[in-house]
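Take the two lone chains and join them into the complex the hints point to.
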Amino acid sequence: MKAIVCVKQVPDTSGKVAVKPDGTLDRASMATITNPDDLNALEAALKLKDATGCEVVVVTMGPPPAEGMLRELLARGADRAVLVSGREFGGSDTFATSQILAAAVNKIGVGPEDIVFCGRQAIDGDTAQVGPQIAEKLHLPQVTYAADIQKDGNTLVVKRMLEDGYMMIRVKTPCLITCIKELNQPRYMSVNGIFTCYDKPMEVFDYNALKDDPLIEVDTIGLKGSPTNVFKSFTPPQKGAGTMLTGDNVAAQLASVLAGKHLI
Amino acid sequence: MDFTLSKQQLMAQKMYREFAENEVKPLAKKVDAEEYFPKETVEKMGKLGMMGIYFPTSVGGAGGDVLSYVMAVEELSKVCGTTGVILSAHSSLCAAPIYENGTPEQKAKYLPKLCSGEWLGAFGLTEPGAGTDAQGQQTFAVEREDGWLLNGSKIFITNSGFADVFIIIAVTGTVLDKRGRKSKEISAFIVERTDPGFKVGKPEDKMGIRGSSTCELIMEDCLIPKDRLLGVKGKGFQLAMATLDGGRIGIAAQALGIAEGAIDETVAYVKERKQFGRSIAQFQNTQFELAEMKARVDAAKYLVYAAALKKQAIMNGQKGRYSVEAAEAKLIAARTASDVTRRCLQLFGGYGYTRDYPIERMMRDAKITEIYEGTSEVQMMVISGALLK
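Just so you know, the sequences run in chain order S and B. If you use my numbering, the first sequence corresponds to residues 1 to 264, in order. If you use my numbering, the second sequence corresponds to residues 1001 to 1389, in order.
Here chain B stands alone, though its shape is the one from the complex (with noise of 0.2 Å):
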């Protein structure tokens, strides 16, 4: 498999370095000990096309590819977790969908507002007793004259509490399976913010990237216009899946981006700290681990942009779906992010548990790439899936 970058691709990632240096790493301690959502840093990417990265200029887009997508997630996350899933949820749960399958007039209608970053997305799958299982919906869509009434809520909902357009996904009524039993037919829609009967609840204090918004969605007696489905009446499970197939992609670069930073800090921090009348680095303790992190973080690295070029290719016209590629990138990245960002805090010792350094914060920013859009269980599910069928 090819990994050489494309001129752009370089140029793209040597503009995203000098973006997050400038004007995300500067704000990542204040996202993280106040659960400040980085506003200012959204604008800022929109107004620079990252909102909408790989999507075509004819939709509102940049022109670019899914790979400068994952690149821009991994430079943003590298030095703040937080704003690098603000762009993931964003564009992989919300532009994407509407993209791949919205109306025509659906997607002139969000996407161009998606893209330029004047509009915010979100992703409302999970309720408390659903989320993989979509059989456990308590959302439910009826149709009516005048349009859709929804009623249920979400939960978890990255980005909720600024987003401004939401796909939600409901039971719209009842099938017969295969074999004549009785299941729940799920459906997607496109919800605004401002929608009646929508509400966004209160945020959850999260252990990590505490600067994401994430809260409960309330849908009482919420009307929306007929042409807010979004795709294939009782194809929204589906819909859901593919969508995640393209976000763990997303959270898979985050968790790449957060175990590179971690390595970064650690060897800017070893080659300062001495004990024993030199610097750490010089113990050959610290040279294996740092050396065996390198090497996973690049494995995952080559998962994660094998994955990137495979989504590439099928929205190319390529045959197949990605979702063994997007669930190996996932587990094998968000796993590396887990065990990097412990080791390297062991490399900072006592300094490395404070809140002086970042090193703590990249920590518990991780743990959430193993639970969030399909735990590390379900990414097993799905590989096996595949293998065993």
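If we strip away everything but chain S, and leave its shape as in the complex, we get (with noise of 0.2 Å):
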């Protein structure tokens, strides 16, 4: 049994953000993190490895220098990492990236007992798209904003956050669960996980790993395969800061404010 937890490494929002000329992000000169829900997906997995021993690859796709982000990954305590990297893969949009990231998956290979783990979104693009897509490639049934997770036999209870309520699902493996922050609280990096994250196994996948398999077209990847054309990027403008009504019968300041505006 293992659990693949598929990450991404995204800009810092908390520092500097850069924008290029053309409005889009200056990636390079911004300091990464971990994408947040990712963590939590990581989590889930390895909170999954404490109670049954199973296996924790992480996998991810980006520049060579994400292998650093992996190696913090498996100082938090994953078994091995797979880097997907090659030339090919830059410019993906989401469509992209989950044929990418699918066929990797499937290079590492989903057994029966198999769960798949995703953050729900990543903080750069905010799509929450990657890891719908990736279950339908695979034809992995998916559950989406897990907040629980509980183990029922060969099959999984999954407590899924909606806006205004939550839905109890149950899933049989091998599936995929997409992760939010309320599921867990990712644990740190420990001493002995980092002097020895060096030493476990990482594999890069780059194109020629990938190939053979059948979403890897040459019109299914990289910026040829993504339908998506950013047509302009832009930071909106902040919200103006609200007005608290206090005191008595606060019902009738509220409709006299709006009658003065003419919007009641």
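No wet-lab data here; the hints were simulated from the structure. Don't take each hint at face value.
Covered by chain B, according to a simulated footprint, are these stretches of chain S (three or more residues, beta-carbon under 8 Å) [stated by the list, open to error]:
| hint | segment |
| --- | --- |
| 1 | 7–16 |
| 2 | 183–190 |
| 3 | 195–205 |
Derived EDC-like pairs (lysine to aspartate or glutamate); straight-line CA-CA distance at most 16 Å [claimed, not checked]:
| hint | chain 1 | residue 1 | chain 2 | residue 2 |
| --- | --- | --- | --- | --- |
| 4 | B | Lys1007 | S | Glu67 |
| 5 | S | Lys47 | S | Asp126 |
| 6 | S | Lys151 | S | Glu113 |
| 7 | S | Lys211 | S | Glu88 |
| 8 | B | Lys1109 | B | Asp1227 |
| 9 | B | Lys1047 | S | Glu113 |
| 10 | B | Lys1039 | B | Glu1023 |
| 11 | B | Lys1206 | B | Glu1370 |
| 12 | S | Lys200 | S | Glu55 |
| 13 | B | Lys1107 | B | Glu1118 |
| 14 | B | Lys1014 | S | Asp12 |
| 15 | B | Lys1007 | S | Asp199 |
Ideal Cβ placement from N, Cα and C applies to all residues, glycine included.
Right, here's the structure in full:
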């Protein structure tokens, strides 16, 4: 049994946000972090490892320096890492990325008891599309927005958090689950984990390693395989400060403010 | 000297920073104000391998290195001097002498539990009439058929209220020195909190590091098994001094961290605080003060890291001692901490004098680094002793 965790290295938006003249993010000049939701996904996998002793494999697609992030995830307790990296993969949007990651997960191999964990969404694109797309392409059942996961025999009972409530979903393995921050508290790297993480196996999947997978075609990966085009990106204007109404009869006060603005 | 940090050391530093920011800093005010010993932090550090950073995995340690340990004390002390010294005293003064002098059985019994944080360690040398002056020792250990019988008391023992394992220095007899004069024979012992006749007295009410548990130890017919003698009988003073060499690097790291933490707080404050229509960071006095403090702190840092690297080289088999490096690091880092925290408080002005800001706590915490594990004057004795021998 194993848990495969898909992770992404993203710009640290708590620091300086650099934007290129064309409006896209200047990733090279920004500090990077592991996408926060992906740390919740890793923590879910590590909890499963604590309980069952299963293997935890982390996989990311990115440029060679993403190895540093993968080493940190090994230091948190993952057993091995896969870096999917190649020029052919550059410029991929969510569709192309999920083609490539699905092929990589296929190569790692999804057994009958295995679970693929993803973060809900990445803080740079906020699409929440890659996880579900991987599930579709691997023909795996998926549960998104997991806030709680309980193992019950060979099924999982997942609490799926929605804006106005939650759903309890029972799902058979193998499956894919996308995780939200309410699911758990990610653990720190351990000192021993840090001093052994460079001894743990790290494989690189380049284009040649994945090209035989039917998902990988010239027109399904990279810029060519990406139906998304960025037309323009910009910082939305800040919302103004609100006004708090206090005292007696706030409803009447509100009505008079709205009436004054000719809204009612 | 190469201070380039390895990938692992950089990763460890990053982890310590996150841990200090999220787990230690939020408790720091309570630790000081309520003399609160942060047990939960010790437990968390144990789980992460921070209570045995530079000991090998074969004895339950994390398999890291001395510099990674020093950086842990430094990062913790940036936000809480108390938490820094808990780690330093535990690692350098208890686990280290067992690792360096213990029998295989002693190592197997104590180190895994110390390194996991299940047991907390302490070190008892100081007595009302003796510290660095070993001949003043009044605690006696008498060898009997059924073990060693200890009688006496120790004071100012860091971690003692919560420690499980204590290294105790005691007089085991009289010997004649080279000139035929009588002197006390000193030996070291491992004492457990639960040993009969062993008691922890009342905690001291201190100026700084107020959450650190500093108590008296009382041994009244305290009987311990024979196999608790640590190292060679009669070599206890050398063991204690070698242990303090390591301890001094830890305290130097604590002092360094306190100074760095004070500068971090001050940089944030001077950018925010406005006087005469601009932030006080724009005044040249502020800029020059900060510049000089930063340069002094970096100078201290290089001495502390150099001492850590020397200890590492000796642990790796290089011949020699690191007493002078440790003494220099502690002397300069401790003075820097006191000086920098005082000057930072001055930049805070009246607000710095209130307990609403952490800077007065840092100033109080800094002072102890000039006193414990050998005062600054003792460090100068060590350094000049080596120069003039």
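Consistency of the hints with the structure:
no.: 1; hint: 7–16; in the structure: violated (count 0)
no.: 2; hint: 183–190; in the structure: holds (count 3)
no.: 3; hint: 195–205; in the structure: holds (count 4)
no.: 4; hint: Lys1007(B) to Glu67(S); in the structure: holds, 12 Å
no.: 5; hint: Lys47(S) to Asp126(S); in the structure: violated, 26 Å
no.: 6; hint: Lys151(S) to Glu113(S); in the structure: holds, 11 Å
no.: 7; hint: Lys211(S) to Glu88(S); in the structure: holds, 10 Å
no.: 8; hint: Lys1109(B) to Asp1227(B); in the structure: holds, 11 Å
no.: 9; hint: Lys1047(B) to Glu113(S); in the structure: violated, 29 Å
no.: 10; hint: Lys1039(B) to Glu1023(B); in the structure: holds, 12 Å
no.: 11; hint: Lys1206(B) to Glu1370(B); in the structure: holds, 15 Å
no.: 12; hint: Lys200(S) to Glu55(S); in the structure: holds, 13 Å
no.: 13; hint: Lys1107(B) to Glu1118(B); in the structure: holds, 15 Å
no.: 14; hint: Lys1014(B) to Asp12(S); in the structure: holds, 14 Å
no.: 15; hint: Lys1007(B) to Asp199(S); in the structure: holds, 13 Å
Going down the numbered hints, you'll see the structure goes against 1, 5, 9, while the others check out.
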